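*Asks:* Letter by letter, the chains look like this.
2 protein chains.
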Amino acid sequence: MKMQNFKYEGSGLNRFFGPLEAKIMEILWNNAEEMTIKDVQQKLDKEAKANNFNTVMTVMNRLVDKGVLQKKAVARSSQYKPVVTREAFMETQSKELTLDLIEEFGSLAVTHMVDALDKVDPGLLDQLEQKIKEMKKDR
Amino acid sequence: MKMQNFKYEGSGLNRFFGPLEAKIMEILWNNAEEMTIKDVQQKLDKEAKANNFNTVMTVMNRLVDKGVLQKKAVARSSQYKPVVTREAFMETQSKELTLDLIEEFGSLAVTHMVDALDKVDPGLLDQLEQKIKEMKKDR
DNA sequence: CGACTCCTACTACAATTTGTAGTGTAAGGA
DNA sequence: TCCTTACACTACAAATTGTAGTAGGAGTCG
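For the record, the sequence lines run as chains V and H. First residue of the first sequence: 1, per the working numbering; consecutive thereafter. First residue of the second sequence: 1, per the working numbering; consecutive thereafter.
The hints are simulated quantities; they were obtained by calculation from the structure and are not laboratory data. From a predicted model like this one, the values you see are computed outputs, not experimental measurements. Worth double-checking, as some hints may not be accurate.
[Stated by the list, open to error] Cut-off 27 Å, straight-line C-alpha distance, at most; resulting in silico cross-link-like pairs (DSS-like, lysine-lysine):
{"no.": "1", "chain 1": "V", "residue 1": "K131", "chain 2": "H", "residue 2": "K66"}
{"no.": "2", "chain 1": "H", "residue 1": "K131", "chain 2": "V", "residue 2": "K95"}
{"no.": "3", "chain 1": "V", "residue 1": "K38", "chain 2": "V", "residue 2": "K49"}
{"no.": "4", "chain 1": "V", "residue 1": "K81", "chain 2": "V", "residue 2": "K71"}
{"no.": "5", "chain 1": "H", "residue 1": "K137", "chain 2": "V", "residue 2": "K131"}
{"no.": "6", "chain 1": "H", "residue 1": "K81", "chain 2": "H", "residue 2": "K119"}
[Said to hold, decoys possible] Just the calculated beta-carbon pair ranges, DEER-fashion:
{"no.": "7", "chain 1": "V", "residue 1": "S11", "chain 2": "H", "residue 2": "D115", "range": "21 to 31 Å"}
{"no.": "8", "chain 1": "V", "residue 1": "D121", "chain 2": "H", "residue 2": "T55", "range": "20 to 30 Å"}
{"no.": "9", "chain 1": "H", "residue 1": "E34", "chain 2": "V", "residue 2": "N14", "range": "35 to 45 Å"}
{"no.": "10", "chain 1": "H", "residue 1": "F53", "chain 2": "V", "residue 2": "V74", "range": "51 to 61 Å"}
{"no.": "11", "chain 1": "H", "residue 1": "D121", "chain 2": "V", "residue 2": "V84", "range": "21 to 31 Å"}
{"no.": "12", "chain 1": "H", "residue 1": "K81", "chain 2": "V", "residue 2": "D45", "range": "44 to 54 Å"}
{"no.": "13", "chain 1": "V", "residue 1": "A75", "chain 2": "H", "residue 2": "K119", "range": "27 to 37 Å"}
{"no.": "14", "chain 1": "V", "residue 1": "G18", "chain 2": "H", "residue 2": "N52", "range": "53 to 63 Å"}
Each residue gets a CB set at the ideal place from its N, CA and C atoms; glycine is no exception.
Using the sequences and the hints, build the whole thing.
*Replies:* Quick look at the structure:
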């Protein structure tokens, strides 16, 4: 399950998926249980306008092809669920992106980090400072 | 000039552009002067296999549409040059991405930053520590 | 058993992005 | 006037994402 892009537009799952894909993943991840296409379709319908069953199926099966969803064939209707938890997914993306960012921009990124952290949540600055200390201590 | 994606694959300009677009931007940014399509095409030909003039033109004009290149109509052949310097471009992307990363992942990103910095270049850790101190002092 | 419902597979189309390239036109020089 | 050449316009292909029709098969109900 290799993501292609991190999108500048949107937020949350929309950074990684198309709009419909994101909504579907959202639903799957919000449900502890495995779900059928119908389940997902009905949840979608509650939120927005009616979605064609086949549309939902196609997108879900594409997500299976991409390795994001797992499909278990059951008698009447197949069960789908994410391959990894949302937390694990975000963890992976965060790690990958952070590494890429630093590889790509090096000290340029460092400069912006401090500003960005301060802007988003100054508490994160202390957290970061703490992490650095720990890292250095371990050597 | 709003970029769409940061690609996980590739490196450098390939993170932001298609392969040919990236090569073209590379050439434009490496040349202090404005260049014609022909200039760019010939540079490309030196590096790789022959490129059709029209192909280069189409891609360059698309880059103009995207606001990445500027086109100045001259008598016989138009002059093209990047709207911003490579440094300014990288600066903008770095800033944008860092902010997005932190908005999206918050403290998750903080954790990975330290590891990533240590992995790529431990010297960056000191730099970061320094920056944090400065930021805090100013308050 | 036969008819019906409903899930699934297969297929197809549209828009967008990126690479590729042909054709036609117009402008400038010989 | 004719020719070269740059440019505009147009088109097509592959990939990505959203959308949806059709057909077949499997279970259900009478």
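*Asks:* Now look at each hint and say whether the structure bears it out.
*Replies:* A quick look at each hint next to the structure:
no., hint, result
1, K131/V - K66/H, "40 Å, violated"
2, K131/H - K95/V, "22 Å, holds"
3, K38/V - K49/V, "15 Å, holds"
4, K81/V - K71/V, "7 Å, holds"
5, K137/H - K131/V, "19 Å, holds"
6, K81/H - K119/H, "36 Å, violated"
7, S11/V - D115/H: 21 to 31 Å, "25 Å, holds"
8, D121/V - T55/H: 20 to 30 Å, "47 Å, violated"
9, E34/H - N14/V: 35 to 45 Å, "38 Å, holds"
10, F53/H - V74/V: 51 to 61 Å, "58 Å, holds"
11, D121/H - V84/V: 21 to 31 Å, "30 Å, holds"
12, K81/H - D45/V: 44 to 54 Å, "52 Å, holds"
13, A75/V - K119/H: 27 to 37 Å, "49 Å, violated"
14, G18/V - N52/H: 53 to 63 Å, "33 Å, violated"
Checked against the numbered hints given earlier, this structure breaks hints 1, 6, 8, 13, 14; the rest are met.
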